[in-house]
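Chemist: Starting from the known structure of chain A, arrange chains B, C, D, E, F, G, H, I and J on it as the hints suggest.
Each chain, written out:
10 protein chains.
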Amino acid sequence: MKRIELVEKIFDIKREKNLSWKAIAEEIGGYSQIYIMTALLGQMRLPKPQAAKAAALFGLTPNEEKMLSEVPYRGEQSLVPPTDPTLYRFHEAMMVFGPTMKEYLHEEFGDGIMSAIDFDLQMEREPNDAGDRVRITMSGKFLPYRYHQPEGNFPALGYKED
Amino acid sequence: MKRIELVEKIFDIKREKNLSWKAIAEEIGGYSQIYIMTALLGQMRLPKPQAAKAAALFGLTPNEEKMLSEVPYRGEQSLVPPTDPTLYRFHEAMMVFGPTMKEYLHEEFGDGIMSAIDFDLQMEREPNDAGDRVRITMSGKFLPYRYHQPEGNFPALGYKED
Amino acid sequence: MKRIELVEKIFDIKREKNLSWKAIAEEIGGYSQIYIMTALLGQMRLPKPQAAKAAALFGLTPNEEKMLSEVPYRGEQSLVPPTDPTLYRFHEAMMVFGPTMKEYLHEEFGDGIMSAIDFDLQMEREPNDAGDRVRITMSGKFLPYRYHQPEGNFPALGYKED
Amino acid sequence: MKRIELVEKIFDIKREKNLSWKAIAEEIGGYSQIYIMTALLGQMRLPKPQAAKAAALFGLTPNEEKMLSEVPYRGEQSLVPPTDPTLYRFHEAMMVFGPTMKEYLHEEFGDGIMSAIDFDLQMEREPNDAGDRVRITMSGKFLPYRYHQPEGNFPALGYKED
Amino acid sequence: MKRIELVEKIFDIKREKNLSWKAIAEEIGGYSQIYIMTALLGQMRLPKPQAAKAAALFGLTPNEEKMLSEVPYRGEQSLVPPTDPTLYRFHEAMMVFGPTMKEYLHEEFGDGIMSAIDFDLQMEREPNDAGDRVRITMSGKFLPYRYHQPEGNFPALGYKED
Amino acid sequence: MKRIELVEKIFDIKREKNLSWKAIAEEIGGYSQIYIMTALLGQMRLPKPQAAKAAALFGLTPNEEKMLSEVPYRGEQSLVPPTDPTLYRFHEAMMVFGPTMKEYLHEEFGDGIMSAIDFDLQMEREPNDAGDRVRITMSGKFLPYRYHQPEGNFPALGYKED
Amino acid sequence: MKRIELVEKIFDIKREKNLSWKAIAEEIGGYSQIYIMTALLGQMRLPKPQAAKAAALFGLTPNEEKMLSEVPYRGEQSLVPPTDPTLYRFHEAMMVFGPTMKEYLHEEFGDGIMSAIDFDLQMEREPNDAGDRVRITMSGKFLPYRYHQPEGNFPALGYKED
Amino acid sequence: MKRIELVEKIFDIKREKNLSWKAIAEEIGGYSQIYIMTALLGQMRLPKPQAAKAAALFGLTPNEEKMLSEVPYRGEQSLVPPTDPTLYRFHEAMMVFGPTMKEYLHEEFGDGIMSAIDFDLQMEREPNDAGDRVRITMSGKFLPYRYHQPEGNFPALGYKED
Amino acid sequence: MKRIELVEKIFDIKREKNLSWKAIAEEIGGYSQIYIMTALLGQMRLPKPQAAKAAALFGLTPNEEKMLSEVPYRGEQSLVPPTDPTLYRFHEAMMVFGPTMKEYLHEEFGDGIMSAIDFDLQMEREPNDAGDRVRITMSGKFLPYRYHQPEGNFPALGYKED
Amino acid sequence: MKRIELVEKIFDIKREKNLSWKAIAEEIGGYSQIYIMTALLGQMRLPKPQAAKAAALFGLTPNEEKMLSEVPYRGEQSLVPPTDPTLYRFHEAMMVFGPTMKEYLHEEFGDGIMSAIDFDLQMEREPNDAGDRVRITMSGKFLPYRYHQPEGNFPALGYKED
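If you're matching them up, the sequences are chains A, B, C, D, E, F, G, H, I and J in order.
So the number in the numbering used here is just where the residue sits in the first sequence, counting from 1, plus 66.
So the number in the numbering used here is just where the residue sits in the second sequence, counting from 1, plus 66.
So the number in the numbering used here is just where the residue sits in the third sequence, counting from 1, plus 66.
So the number in the numbering used here is just where the residue sits in the fourth sequence, counting from 1, plus 66.
So the number in the numbering used here is just where the residue sits in the fifth sequence, counting from 1, plus 66.
So the number in the numbering used here is just where the residue sits in the sixth sequence, counting from 1, plus 66.
So the number in the numbering used here is just where the residue sits in the seventh sequence, counting from 1, plus 66.
So the number in the numbering used here is just where the residue sits in the eighth sequence, counting from 1, plus 66.
So the number in the numbering used here is just where the residue sits in the ninth sequence, counting from 1, plus 66.
So the number in the numbering used here is just where the residue sits in the tenth sequence, counting from 1, plus 66.
Keep in mind that the hints were calculated from the coordinates and are not lab data.
Errors might be hidden in some of the hints.
Pairwise CB distance ranges (calculated) [what the hints assert, rightly or not]: (1) Pro115(J) - Pro115(G): 56 to 66 Å; (2) Ala196(A) - Pro193(D): 49 to 59 Å; (3) Asp198(H) - Gly125(A): 57 to 67 Å; (4) Glu93(G) - Lys114(I): 20 to 30 Å; (5) Val146(B) - Lys68(G): 26 to 36 Å.
From the three backbone atoms N, C-alpha and C, an ideal C-beta is built for every residue, glycine too.
Chain A on its own, in the form it takes in the complex:
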């Protein structure tokens, strides 16, 4: 059994039962809609109670339920760059603003990254007279590169004031 087949089955049943993602997320509960969607789309795992609820909702087998709570191999179906226009625009924004984000991050925080693991993404509709807008908010913990002292511990150096 492949995770991608399970994702396809979930799409099939969602279509058949005429379910919206909003309704699915409310039914499964306990986590944000974005998180639950990402798990059902095969990019996150569902905690066991949520996997149980998903199994009930979609009529999954015990093995499928278990797979839902396993850590997936992420990103394996992705086309890079994406061909779908909706996905491509996110890619394009990251490409055009990438160097700016890198420079800004280093000037503000020092050497390091925005974590994509201790990370949260939210989406919402932003009403606007000139046409409603999509608002995406990403919040990731700043992780500084750690300097390796000879004695082997990992102090958090003041990498901006050195």
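Modeler: Using the frame of chain A, we list chains B, C, D, E, F, G, H, I and J on its own:
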């Protein structure tokens, strides 16, 4: 003269004069720091008054000043996927959450995209006891796919309620 | 169920029933032939009334009918560059005239793009004594890059007269 | 001397002399603006009288003037797919509508291609209350695949009525 | 049904019935052996009378017969560059002699291409004491790039004598 | 010194002296025009007497003359697939007819290849009332795969009659 | 039926019957073990008597037996570069020693190649006190590039002494 | 000035002055040899005191010294997969053991990653009678994927015991 | 039967029987957990006694048991670079520290590689107050490039002191 | 200074001084011609005494002499697959015979590789009445995958008889 060489020259003078992006943006003024940085990094154009201020600040020639206000060929230096870890995390987040964002967008708005042109990106430091976070906010106008009526005009159909 | 399999099924039935695209589009109605073809080929969605007509015409299951009105993942079967000579010529024309179109667009409109979303494509036969010609007309809304004012609103700047 | 260096030099002088493409095309004359731009951008050749005018306008050397009237190696600088958003939208439209154009062409004309050689591309501004539009018109001669008769001549078969 | 599966079925029956391509082409008739082979290999379409003969010979279903006379999506199975040594040598010859052919063509004919559509390819055995040779003859119509006059017609300019 | 720079220098002098390939080949002599062109374009070596004549014609240094008679690293500048339309058509023809040529070759000769080394390519103009044609003739020695007998010699087996 | 499926079937039966390649080659006979293995692995054809013996040994159908004696499409399953460490080392050796082999060959033989068609490869165990070694011997006919005389015959020029 | 040019300059002076990496690291001091090497090779930044020592040692300009303490664009020169055999073996080990490391990590820690930012790598010679060995020790902080509670805070869930 | 299908079957049964890798390795025994996992994941072979135990544990057929003890084609499923974030971090670490490891290795040992064949990889949890860490230890035999003496033996030269 | 530039300089002087590789190898001495060529072509290092002789022969600077004895970054200029026909044939042979060599190696030696490090390659002319042949002999030490015993030492298991 190539745009990439101008970007390199700006980096050289920024380094020599010990300028921060924040100070540069304040000096040039009129637009957000993110926008000005993106233009100086060769991904946006600077309006002429701002190009003039940038030329004064960096000691640019008239032709270089003019190039700053020309529309650039965007993204030509990008590695896809990026090798730099700071840049890669943005790519990874878009890859992992991409299908979720697409599904969410279509359920909320119907068929269409988040514009990457009528688009705004902001970054800020988000203080947090467990370690400060990077907050990135993207706001793009939702653009619905337009259905093509036989008569040739372009009505905005209620593509969700059809 | 995968969208590509539905496209294949539609091709099979079109072949079996000896249907032309023109007849199919007339039967489904309400939208241009190009739009309906693009939807049946898996690159656009069909509004529900049209999906219902398509389902009747092709003998689709309710789930297949529903899939026809879902937003597809576009472009996933595309070879880039295309190998098919008919498709390749379109690619080649865009490659050869691409820089010209970019320069023309910016000189005429300023910084921005021709939307591929608020976009219409028409094809027609152009009679010509030296051999009939194919005429393709694309019309896309010009979308200007928006400058981000510090105060956060999104004015449409006169990016050509700045 | 490389053609790409000549293109860069033309851009430099265009910038220095504050020339628009429209003015350049009028000065060189004899052909459409799109054609002259495409030649100066290194994708077409200029006939000799036009190359002479271009040389006068841009102050080119005799060898550069001669190169302008040579057949170029087309498309060598192209990124596939393009990273620039303005260029990408053309690529995207061809990808999304590609199968439709192929099917339409074969149903209307039979087996063959739209020539990209006996081909014309025009661009114009299309005024529109909801925002002006970009209109691109491509006209290419239909070229039927020729069936090879055993006797070795190349009749134009009625490939649609066979 | 996919065209590639039909090609595979034809190979299976050819193997089973111990047919040679020569015998197949003679049986189907009306066109050159090379053309008929190319169609059965999924790169050309068969006119209907020939498709009917092929269907009788290979025991095809009506839908398979019909598919044989449809325009295929060409080149989709090609590996570029080819891995098969027989195919690779053709690729290599085009790579090594490519620039020569381009220069020769332009000097002899002016700016343009050898059509791959109005095109004929023949192969034959060339007896030779030092070992027989393969002779491949390609004949394609020269297609000149057309210059676009402002008035919009498409004269064939004397592109070599301009 | 790189071979590609020598090719570029030869192009520069050819342009400056207004030489045609035909005139160059006649001046250098001793081999076909196609061969001499291919050598000057960096894909073949010139025998020493011809290299001496080329050096005189183009005003080359002794080291450049010597390089002309060295075996080149072939194909290193090739784009695969080519972007130039003139070159692309050759690629396309090989892609579309590739499987046919392979099948034909094996049926006619058995297992083996058409040599691209013991190989000749000729081009000529083929007058035709419907528009002149380009005729390309390739003749390559058939090389059979040799079967390896246990005793280690290399008999030419009757690979078709085994 | 695809050749790769036949290879897989042969592996399955080899596993089931606990056969070694050495035993298989002895049973089939007539050719070297390396040759027979290469054919069973889908990269060479088996002569008919050997195909008959292989069919008996592996219990193949008549069509599978016939496929074994057909010329395969070589290299289609290859990953380039290979990921398997055993295969990668061969690739690496060719990459590191490639320029040396090319220079050596041209100095010793003149312009040309080592044929990969009139070619023999042997492997053997080379006992060694410091650990046994793998010895691979390749022997390929040297094929000189042929110079094309104007008169059209193909003399073997003394390409080293010209 | 490009970082890669600075790396090249450092190599040149290291060669000229006959310096070992060990001696360089001792002279610069304050951090592990691996860290200092990685910074001088353009993949980490040097804190300012170390950059000053490096500048003195290598005779760098003030701008070069400053560049050494800037955050680099990492990995831009990397070939993926690497062609160098020494580098390739690291790639190969990660490829062969990758799935194992992923499975082990998730079973031991739950869903998450080994940080490559809060990360330390050490190398040492491991004496061994059968031939000395290279020992590489990587230590990275485990970073659990954080579950996003509806209320928006980021609790560390017991992702293994859910 | 394909190795990848056997891996998938093992995952299915592991899921169904609720087995941990730790328990599986203990049950199979005789080798380290990492080694046994790597074999079950299709990247190493299991010795026959271990294959027998694995067959009993997972209920494999005799042919599947045998396949487990065959040498696999390694790395064939790998995405390069990996898309999964857990796998990507290993790739990233090798990319960022790659040049350092190469330089260190050569300075410490001379010209050669760390073997990925005579190689051991261990993983363990490293408790740490700031968050537990993942420790990965790789130990590979140093293999010096051997210099080839004219007399043909392979002495271990003192490649550092030459 | 880049290694590739040093290789180019050596080629330039070899050409100028009319040196053969054979003469160069004899002059430098101490190692096989193949080894010395590989080092001068930038894929191996020269021991110091040989580097000194090479420096004298080619008139190198002290830094260039030193670079010759440094370990190179191997394979960085390689095109994969190679475009040059001479190089391509080696690639093709490895591709066609790759699976055979892997299977043969494992049956003869067990699980492991032929080392490309403890490795020797020789080339020679093999006189033959049907045309002289190129003989390439590769001899690499067989390296068995080592099984990792729980106790941590690395016994050489009888991997074929387990």
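Chemist: Flag every earlier hint the structure violates by its number, smallest first.
Modeler: Result: hint 2 breaks, nothing else.
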